[in-house]
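J.: If you're matching them up, the sequences are chains A and B in order.
Residue 2 is where the first sequence starts when you use our numbering, and the numbers rise one by one after that.
Residue 156 is where the second sequence starts when you use our numbering, and the numbers rise one by one after that.
Hints in this document: simulated from the structure, not taken from any laboratory.
Just so you know, even glycine gets a beta-carbon here, dropped at the ideal spot from N, CA and C.
Be aware that a few hints might be false.
Taking lysine-lysine and the DSSO-like style, the derived pairs with C-alpha atoms no more than 30 Å apart in a straight line are [as the list claims (entries may be wrong)]:
{"id": "1", "chain 1": "B", "residue 1": "K366", "chain 2": "A", "residue 2": "K121"}
{"id": "2", "chain 1": "A", "residue 1": "K35", "chain 2": "A", "residue 2": "K123"}
{"id": "3", "chain 1": "B", "residue 1": "K310", "chain 2": "A", "residue 2": "K149"}
{"id": "4", "chain 1": "B", "residue 1": "K310", "chain 2": "A", "residue 2": "K127"}
{"id": "5", "chain 1": "A", "residue 1": "K81", "chain 2": "A", "residue 2": "K171"}
{"id": "6", "chain 1": "A", "residue 1": "K132", "chain 2": "A", "residue 2": "K43"}
{"id": "7", "chain 1": "A", "residue 1": "K87", "chain 2": "A", "residue 2": "K35"}
{"id": "8", "chain 1": "B", "residue 1": "K310", "chain 2": "A", "residue 2": "K109"}
{"id": "9", "chain 1": "A", "residue 1": "K87", "chain 2": "A", "residue 2": "K123"}
{"id": "10", "chain 1": "A", "residue 1": "K171", "chain 2": "A", "residue 2": "K250"}
{"id": "11", "chain 1": "A", "residue 1": "K173", "chain 2": "A", "residue 2": "K121"}
{"id": "12", "chain 1": "A", "residue 1": "K218", "chain 2": "A", "residue 2": "K201"}
Derived DEER-like restraints, expressed as beta-carbon distance ranges [to be verified]:
{"id": "13", "chain 1": "A", "residue 1": "E202", "chain 2": "B", "residue 2": "V212", "range": "34 to 44 Å"}
{"id": "14", "chain 1": "A", "residue 1": "D36", "chain 2": "B", "residue 2": "A208", "range": "40 to 50 Å"}
{"id": "15", "chain 1": "B", "residue 1": "P267", "chain 2": "A", "residue 2": "K255", "range": "29 to 39 Å"}
{"id": "16", "chain 1": "B", "residue 1": "D168", "chain 2": "A", "residue 2": "S155", "range": "58 to 68 Å"}
{"id": "17", "chain 1": "B", "residue 1": "P230", "chain 2": "A", "residue 2": "K171", "range": "56 to 66 Å"}
Single-letter residue listing:
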Amino acid sequence: MFARFVVMTTQVPGDALVSLNAVNKHYGQLHVLKDINFQVRKGEVVVVIGPSGSGKSTLCRAINRLETIDDGDIAIDGKKLPEEGKELAHLRADVGMVFQSFNLFAHKTILENVTLGPIKVKGMSKAEADKEAMALLERVGVGHQAPKLPAQLSGGQQQRVAIARALAMKPKVMLFDEPTSALDPEMISEVLDVMIQLAKEGMTMIVVTHEMGFARKAADRVVFMADGQIVEDATPEQFFTNPQSSRAKDFLSKLLTH
Amino acid sequence: MDVIIESLPQYWDGFLRTLFLAVVSGIIALVVGTLLAAARVSPVAALRGFSMAYVEVVRNTPLTIAFFFAAVVLPRLGVTFQQFEVAAIIALSAYTAAFIAEAVRSGVNSVPLGQAEAARSIGMTFGQVLSLIILPQALRTVVPPLINILIALVKNSSVAGAFFVLELFGYGKQLANDHGDAVMWVLVGVAFFYLLITVPLGYVAHQVERKVAIAR
């Protein structure tokens, strides 16, 4: 009796943490998201790949409503994304976002970049926020850079700080929008290592990337998008060795021959 | 030359009043102008509309009209003041705020969109994004145009001389009447005291600009 009660009221692992139902979006004439149905369970790492212009970045940005959608609905942990306002801000705090261009606050130090959210949004004390931020910065390997300004760091370091900034909010899910696309080749691995570590620790992640190595290593699922649609949704093993659609086969053949 | 030495007390009194008008109006205009710029980029359409209309009307009419409204029309509508300085401050701040709003808005537009997106994505509200992330960066980039506007404000305060306020220019007119043979020197004196405010202002601007510059 008691056991059943517990199962019914707690979050069952396997429930959809992020859920998109019949989502559509247009940019003028261009239909960038076509009837997208997409679920991510708690603890899952989903890599979204596809050719440029396929809508994968738009999909990622729609999940914390940096892009509005025309119809359909998006829910985070069972709560539908509200319109602009305080409520949306609250929900966004649960969704960490890492951008292609890092977007660290240029006028704040590395430490302040990480503490600003916890202090201003969560009302944490500065001492506590500083302590947690330093631990996060150490974890991503940039602890000694804390007093510097973003422009004094390399791209790879900035992106790791951006990950720490998002983690400081203790998000339920992390979105990565091409996190390594603006980086020099030798800096890509330092960022990917942090992401792989995060995946191992059980963070729910949605990663838009061109890094197939990361997809193979860390993803539970690979979602392939083309022309605004989800064309394939499979395990990395299935997707890379036995893609079903001709669109995906074409995409993979181009990757592998270069 | 002698007329300047002779009239130093008047010059000094006028100088202090000009400085007072400029400082008080400058502070009010900075605050009001920044609020107008914030309204201009807010998600509320009515605020955007109000800010735009205000800036368009005030920026495109002569300062004398603003003074006329503050000194003549407002009292007729029942808003009376003991001193004409108050009218001068109202007119100068209202007028200057429109220019400051435009400068700050251009600064807001110069801050990369990604800064606001990053701030929103950690859960900040519109007000927090604006006050903690956008405006601090925007204001740094607009220090040079803001100082231009403030220098213009110092000089614009001379219009108050025509509306019964004895600031530098008001004294200048008076002295020129009293010393018809030395009008040129009287005006050289007036110019000197204006420079005493505006030149240091330019210097301060340069220092501030260097200090707050942010690397990207």
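J.: Does each hint hold? Answer for all of them.
T.: Quick rundown of the hints versus the structure:
Annotation: proposed proximity of K366(B) to K121(A) holds, straight-line Cα distance about 26 Å (limit 30 Å). Restraint check for K35(A) and K123(A): the C-alpha separation of about 36 Å exceeds 30 Å, so the hint is violated. A distance of roughly 41 Å separates the Cα atoms of K310(B) and K149(A); the hinted pair therefore is violated under the 30 Å criterion. For the hint pairing K310(B) with K127(A), the CA-to-CA distance comes to about 45 Å; that exceeds 30 Å, so the pair is violated.
This hinted pair checks out: K81(A) and K171(A) have alpha carbons roughly 20 Å apart, not beyond 30 Å. Of the pairs offered as hints, the one joining K132(A) and K43(A) holds, with about 28 Å between alpha carbons and a cut-off of 30 Å not exceeded. Restraint check for K87(A) and K35(A): satisfied, since their Cα atoms lie roughly 29 Å apart, inside the 30 Å limit. At roughly 36 Å between alpha-carbon atoms, K310(B) and K109(A) are farther apart than 30 Å, so this suggested pair is violated.
With a C-alpha separation of about 13 Å, the suggested pairing of K87(A) with K123(A) holds against the 30 Å cut-off. With a C-alpha separation of about 38 Å, the suggested pairing of K171(A) with K250(A) is violated against the 30 Å cut-off. Straight-line distance between C-alpha atoms of K173(A) and K121(A) comes to about 19 Å, which keeps the hinted pair within the 30 Å bound. Pair hint K218(A) plus K201(A) holds up; C-alpha atoms about 10 Å apart against a cutoff of 30 Å.
Remark: the range hint 34 to 44 Å for E202(A) to V212(B) is contradicted by a beta-carbon distance near 58 Å. As the Cβ distance of D36(A) to A208(B) is approximately 43 Å, the hint placing it in 40 to 50 Å holds. At about 32 Å, the beta-carbon gap between P267(B) and K255(A) stays in the expected band of 29 to 39 Å. Taking 58 to 68 Å as the suggested C-beta distance range, the pair D168(B) and S155(A) conforms, at roughly 59 Å.
Range check, P230(B) to K171(A): about 59 Å between beta-carbon atoms, so the 56 to 66 Å window is met.
This entry does not satisfy hints 2, 3, 4, 8, 10, 13, going by the numbered hints stated previously.
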